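Based on these hints, arrange chain A on the given structure of chain L.
Heads up: the sequence lines are chains L and A, in that order.
Going by my numbering, the letters in the first sequence line up with residues 452 to 570, in that order.
Going by my numbering, the letters in the second sequence line up with residues 452 to 570, in that order.
Keep in mind that the hints were calculated from the coordinates and are not lab data.
Values in this document were obtained by computation on a predicted structure and should not be read as measured data.
Quick reminder that beta carbons are idealized off the backbone N, C-alpha and C, glycines included.
There may be inaccurate statements among the hints.
[As the list claims (entries may be wrong)] Short derived list, chain L residues pointing at chain A, Cβ under 10 Å: (1) Leu-480; (2) Gly-481; (3) Ile-488; (4) Ala-491; (5) Gln-499; (6) Gln-500; (7) Ser-501; (8) Asp-503; (9) Leu-504; (10) Trp-505; (11) Lys-508; (12) Leu-511; (13) Arg-515; (14) His-543; (15) Leu-547.
[Unchecked claim] A partial selection of chain L residues facing chain A, derived with a Cβ cut-off under 10 Å: (16) Leu-484; (17) Lys-492; (18) Met-494; (19) Ala-495; (20) Ser-496; (21) Leu-507; (22) Thr-512; (23) Arg-514; (24) Ile-518.
There are 2 protein chains.
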Amino acid sequence: MPDRYPYQNEPIWSRSEKALARKAFDAALGRELHEVIQEAKKMASQIQQSSDLWDLKHYLTERRKEINRKYDYRYSQLTHIFGKLLYEKRLHEEELRGLREDKLKPIRSIAQFLAKYAA
Amino acid sequence: MPDRYPYQNEPIWSRSEKALARKAFDAALGRELHEVIQEAKKMASQIQQSSDLWDLKHYLTERRKEINRKYDYRYSQLTHIFGKLLYEKRLHEEELRGLREDKLKPIRSIAQFLAKYAA
Numbered sequence: 452m453p454d455r456y457p458y459q460n461e462p463i464w465s466r467s468e469k470a471l472a473r474k475a476f477d478a479a480l481g482r483e484l485h486e487v488i489q490e491a492k493k494m495a496s497q498i499q500q501s502s503d504l505w506d507l508k509h510y511l512t513e514r515r516k517e518i519n520r521k522y523d524y525r526y527s528q529l530t531h532i533f534g535k536l537l538y539e540k541r542l543h544e545e546e547l548r549g550l551r552e553d554k555l556k557p558i559r560s561i562a563q564f565l566a567k568y569a570a
Numbered sequence: 452m453p454d455r456y457p458y459q460n461e462p463i464w465s466r467s468e469k470a471l472a473r474k475a476f477d478a479a480l481g482r483e484l485h486e487v488i489q490e491a492k493k494m495a496s497q498i499q500q501s502s503d504l505w506d507l508k509h510y511l512t513e514r515r516k517e518i519n520r521k522y523d524y525r526y527s528q529l530t531h532i533f534g535k536l537l538y539e540k541r542l543h544e545e546e547l548r549g550l551r552e553d554k555l556k557p558i559r560s561i562a563q564f565l566a567k568y569a570a
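The following block holds chain L by itself, in its conformation from the complex (with noise of 0.2 Å):
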C-alpha cells in the first residue's frame, strides 16, 4: 500500500514543504525569542526592588513554558503551530507560500477559528 499514510487525517509534507515549514517556523520562533530579549532587557533596566527582580524570573519562567509548548516541531503539530502564529501575527501568510492546499486550509481555518474565539 505505498499510498497509505499511517495517520489517515494528516497531510504528507514533501521535502520542499518540509525546508519551507523549516524555515518559516524557524523565523517565526526567532521573532518571538527576539521579543522576549527584548523585554527582559528592558524589564531588567527598570528593576528597583526585589519585587521587580522576581516578576523578571517569572516572566521569564513563563514565557519559556509558552515557548516550549508552542513550537513543537512535529509534522503532525505544524499545521496547528502555523495557524496559531498567523493567528498571533508572529507568521505571514506569504512565508507559506509553496506549501500545497492541504496544508494551508487547515492552517487559516485554525487562525480563523481562533480569531472569532478570541473575538
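For chain A alone, kept in the frame of chain L given last:
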C-alpha cells in the same frame, strides 16, 4: 515551670536580641538581593542570543531557591543562618553586637566550621 524552654538546646532570645537579629538579618538579605539585582541587570544587558536569555532565567531561579532556603527567619535557625552569613562575609560581627554569648558562641562556631570545611 516558668523558666523551662521547650527545646533544651535552643537559647532564648530576649526582646532586644530579637530586634537586633531582625535588623542584621534584613540587612544581610538586602545586601544579597542587591547583588542579585546588579548581576541580573548585567546579564540582561549582555544578552545576545536565546541561550543567554535562558541562562538569566536559570540564574534567577537558582538564586531565588537559594535565598528562600537560606533566609529562614525562625529563632531555631538563626544561629545557623548568622554563622553562615558571617562565614560568607555577608554579615559583619559588629552587626551582632548586643547578642548574648549563648548565641554568639554557636554563631562563631558555625562560621569557623564552614571556613575550615571550605579550606
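Status of each hint after checking the structure:
no. : hint    : in the structure
1   : Leu-480 : holds, 9 Å
2   : Gly-481 : holds, 9 Å
3   : Ile-488 : holds, 5 Å
4   : Ala-491 : holds, 6 Å
5   : Gln-499 : holds, 8 Å
6   : Gln-500 : holds, 8 Å
7   : Ser-501 : holds, 5 Å
8   : Asp-503 : holds, 8 Å
9   : Leu-504 : holds, 5 Å
10  : Trp-505 : holds, 6 Å
11  : Lys-508 : holds, 4 Å
12  : Leu-511 : holds, 4 Å
13  : Arg-515 : holds, 6 Å
14  : His-543 : violated, 22 Å
15  : Leu-547 : violated, 23 Å
16  : Leu-484 : holds, 5 Å
17  : Lys-492 : holds, 5 Å
18  : Met-494 : holds, 8 Å
19  : Ala-495 : holds, 3 Å
20  : Ser-496 : holds, 7 Å
21  : Leu-507 : holds, 7 Å
22  : Thr-512 : holds, 6 Å
23  : Arg-514 : holds, 8 Å
24  : Ile-518 : holds, 9 Å
Of the numbered hints stated above, those contradicted by the structure are hints 14 and 15, listed in ascending order.
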